[in-house]
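These are the residues of each chain, in order.
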Amino acid sequence: MIALSQENTRRLLAVHGWSGTVFGLFLYVVVLTGAVAVLAHEIGIWSVGGEKLHAPMERPLDKTVRDLAATVPEEHLEEVSIFHNSAADMVLFFHTHIINPESGNIEDFGTLINVDPVSNDVLARREGFGRDVFGVDPGGALDEFVVDLHVNLLAPSPWGLYATGILGLVMMIAALTGLLIHRHLIKDAFLAPRSGGALLGRKDRHVLAGTWGLLFAFILAFTGSFFSFAGAIGIPLVAVTAFGGDQTSMMETLVGAPKADDPSPAPLADLDAMLAESASRAGSSADFVVVSHWGRADAVVQLFHAPPEGSLRGSKLVFNGSSGEFEGVKQQLGTQPSAGAATLELVGPLHFGNFAGFLSKVVWVCLGLAMCYVTITGLQLWLERRQQEPFWRRMLPTVDIVALGTPVALVSAAHGFFLSYGVADTHLWTLLGFCGGALVSIVLGIAVPAAQRLRALEATLAGTLALLPAVRMSMGGSSWAEALGSGNALVIGMDVLMLLSATTYAVFALRRGSASRRRTEMVEATA
Amino acid sequence: MGSNVSTTESAEGSVIRGSLWARWLIAGPLTIVTAILVMAGAPTWLPEGPGGVDHIAFPILLFPAIWAGLFLYALMESRQWRSFTLMLALCVLNAIPVVSAIRHMTSAS
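These protein sequences, in sequence, are chains A and B.
Residue 118 in numbering that gives the first Met the number 0 sits at position 119 of the first sequence; the count goes up by one each step and never skips.
Residue 3 in numbering that gives the first Met the number 0 sits at position 4 of the second sequence; the count goes up by one each step and never skips.
In case anyone wonders, no lab produced these hints; they're calculated from the structure.
Even glycine gets a Cβ: it sits at the ideal position worked out from N, Cα and C.
Careful, some of the hints might be misleading.
Said to hold, decoys possible - Calculated pairs, SDA-like style, for lysine to any residue (alpha carbon to alpha carbon, straight line, at most 25 Å):
hint, chain 1, residue 1, chain 2, residue 2
1, A, Lys-186, A, Ala-2
2, A, Lys-329, B, Ala-88
3, A, Lys-315, B, Gly-51
4, A, Lys-329, B, Glu-47
What the hints assert, rightly or not - Sample of chain A residues facing chain B (criterion: CB under 8 Å; computed from the structure):
hint, residue
5, Ile-172
6, Ala-229
7, Val-239
8, Thr-252
9, Ala-340
10, Thr-342
All chains, please: the whole structure from these sequences, using the hints.
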C-alpha cells in the first residue's frame with residue numbers, strides 16, 4: 000500500500016478520472032489500433048493471400064539486382080535499398096538525393112522496381128521522389144493503413160504524431176496515478192468481481208484488468224511518447240546543445256566518420272556472398288540491405304538484421320562493397336557500444352512486442368485489448384456515476400459507439416481493401432471502407448433505442464467479421480487449400496481468428512437480447 | 000452575521016480557486032517547458048559514457064519520464080512555492096547552456 004494524504008489521494012483520483020474522461024476515447028482508438036498494429040506484418044501477409052516465397056532474402060539476389068542496375072540512370076546508383084513486401088516480392092529502390100521543389104528538402108529520388116521472387120519478372124517500375132513511389136503498392140494498403148491510423152490518427156503530419164505523443168503522456172499519467180491510488184495492489188491483482196450490481200462488478204473488473212495492465216500501460220505509453228517526440232523535438236534540441244550546430248562533429252559522433260571519397264570505378268563484390276556471411280554472423284537473415292556508391296571503389300554495403308532467436312537486439316553489419324570484406328558491426332548510435340545506444344535499441348521491441356517472435360506479439364495484443372477494456376470501463380464508470388447530470392448522460396451513447404464502432408470501422412477497412420484489391424485503388428478504398436464502417440456505427444448508435452444499441456453494434460461487428468474470409472476469397476484471395484499448399488497457414492489462422500471473433504460477438508449480442516427480454520417479462524409480471 | 004459568513008466562504012472559495020489555477024499552471028505549462036529545457040540542457044551535464052553518446056541518448060529517451068516525474072511532483076507538493084521555485088531553478092540552469100549554444104550557432108553563421 001502506498002501511503003498518501005487524503006488531499007493527495009483526492010487530487011490523484013481527480014487527475015486519473017479527468018485524464019481518462021477528456022482523452023479516454025482517443026486513447027481507446029490509439030490503444031486498439033496499436034493492439035491490431037502489433038500484427039501489421041501478419042495482416043499484410045494475410046491481406047495479399049500469403050507469401051509467394053518464405054525467407055526471400057535467403058535466395059540468390061545478386062544477378063537480379065545487377066541486371067536491373069544496368070537498366071536505371073547512372074545517378075540512381077548512388078544508393079540502392081533492397082527489401083521485400085508482404086507478398087515477398089523484392090523491392091529495389093535505386094536512388095540519389097536531390098532537392099524536392101515541392102518541399103524544399105533534400106529527398107530520395109530514383110527508380111523503384113518490384114520483382115517477383117520466384118520468376119524474377121519485373122512486376123512494377125516507378126520513377127519519382129520516395130514519398131511518391133512508396134506507399135502506392137496496392138498490397139501494402141491494409142497494414143499501412145492500420146499503422147498510420149495508430150501513429151497519426153488520420154491527421155496530417157506532424158500534428159497526428161504530436162497528438163498520439165500527448166495521448167501517450169496522458170496514458171502514462173493515468174497508469175502512474177492508478178498505481179499511486181491503489182490501496183491494495185497485490186490484493187487487487189486477485190480481486191474476484193462482486194455480483195452486487197452491474198456497476199460494482201464492472202468497477203471490480205476495471206480494477207482487476209487495470210492492476211494487471213499497469214506495467215504494460217506504462218511501458219507502452221513511455222515508448223510510444225518517445226517515438227512521437229524523439230525525432231520531432233528531442234534530437235534537434237539535443238543536437239543544438241551538444242554540438243552547437245556543428246553538423247560534421249554531430250555526424251562523426253552519432254554515425255562515425257564517413258569513408259574517404261573514391262569515385263574510381265570498381266565492380267560490386269558478390270552480394271549473395273555478403274548476405275550469407277552477414278546472416279551467419281548475425282544469427283538471422285538480413286531484412287534490409289543498403290548499397291552506397293554502387294560501382295565505385297568506395298562502395299559500402301550495410302545489412303540490417305532482426306534480433307535472432309533469444310535476443311532482444313537486432314544488428315547492422317557493414318561490408319566493403321568493392322572487396323566484399325566484412326568491416327564490422329555498426330552501432331545504432333555512436334561508434335562504440337554504449338549504455339545509451341543499448342537502451343535505445345530496446346525501445347522498439349518493447350513497443351512493438353516483437354522481442355520473442357509471434358508469442359510475445361500475441362501477449363502484447365491481449366494486454367493491449369485488456370487496456371482497451373480498462374479505458375472503456377473506466378469511462379463507463381465515470382459516466383454512470385454522473386447520470387443525473389444531462390451533459391454526462393448524453394456522453395454515454397458516444398462511448399458505446401466509439402467502443403464498438405472503431406472495430407466495426409477497422410473491419411470495414413479490410414472489406415474495402417479486399418473488394419478493391421486488383422480492381423481499384425486499394426489505398427483509397429481501405430480509407431473509404433473505414434469511414435463507411437464508422438458512419439454506419441454512428442447512425443446505428445443514434446437511431447437504435449438505447450436498450451438495443453449495444454446489441455445492434457455487437458451484431459454488426461459479428462456480421463462484418465464473419466463475412467471477411469468469404470469476401471477475401473471471393474475477390475481472388477487464396478483458398479484455405481491453396482494457402483495450406485503454399486505453406487501459408489497464417490492466412491488460415493487469420494481467417495479463423497475473424498470467425499472466432501465473429502462468434503464471440505454474436506454470442507454477446509444474443510445474450511444481451513435474452514437478458515433484455517427477461518427484464519421486460521419481469522417488469523410486465525410485476526405490473 | 001450571515002453576511003460575514005458569506006464573505007468568508009467567498010474569500011475561501013476564491014483562495015481555493017486561485018490555488019487550483021496556480022497548481023495547474025505549474026503542473027501544466029511550466030512542467031512541459033521545464034521538461035523540454037532539462038532534456039535540451041542535459042547533454043552539458045550528463046557524462047558522455049565510454050561510447051561518447053550517453054549524454055545524447057538518455058535525455059531524449061527519458062523525456063517522457065522527466066515530464067511525468069515533474070508533473071506528479073507539481074501535483075502532490077503541498078507547498079506550491081516550493082514546486083514553483085524548483086521548476087524555475089531547473090528552467091534557468093538548463094536554459095543557460097541552451098541559450099549559449101544558440102548564440103554560438105548564430106554568431107558562427
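Consistency of the hints with the structure:
1. Between the alpha carbons of Lys-186/A and Ala-2/A the distance comes to roughly 16 Å, so the proposed pair stays at or under 25 Å and holds.
2. Distance restraint check for Lys-329/A and Ala-88/B: the Cα-Cα separation of roughly 40 Å exceeds the 25 Å cut-off, and the hinted pair is therefore not satisfied.
3. A C-alpha spacing of about 19 Å is found between Lys-315/A and Gly-51/B, which places the hinted pair at or below 25 Å, so the restraint holds.
4. A hinted pair counts as satisfied when its Cα atoms are at most 25 Å apart, and Lys-329/A with Glu-47/B qualifies at roughly 19 Å.
5. With 8 Å as the threshold, the beta carbon of Ile-172/A comes within range of chain B, its nearest partner Cβ sitting at about 6 Å, so the hint holds.
6. Among the interface hints, the one on Ala-229/A holds; its C-beta lies about 5 Å from the nearest C-beta in chain B, closer than the 8 Å criterion.
7. For Val-239/A, the interface hint holds, since its Cβ comes within 8 Å of a Cβ in chain B; the closest pair sits about 5 Å apart.
8. With a least beta-carbon distance of about 6 Å to chain B, the hint placing Thr-252/A at the interface is held under the 8 Å criterion.
9. Contact between Ala-340/A and chain B, as hinted, is supported at the beta carbon level, the nearest pair being about 6 Å apart and thus within 8 Å.
10. Given the 8 Å rule on beta carbons, the hint for Thr-342/A holds: about 6 Å separates it from the nearest Cβ of chain B.
Violated hint: 2 only; the structure is consistent with all others.
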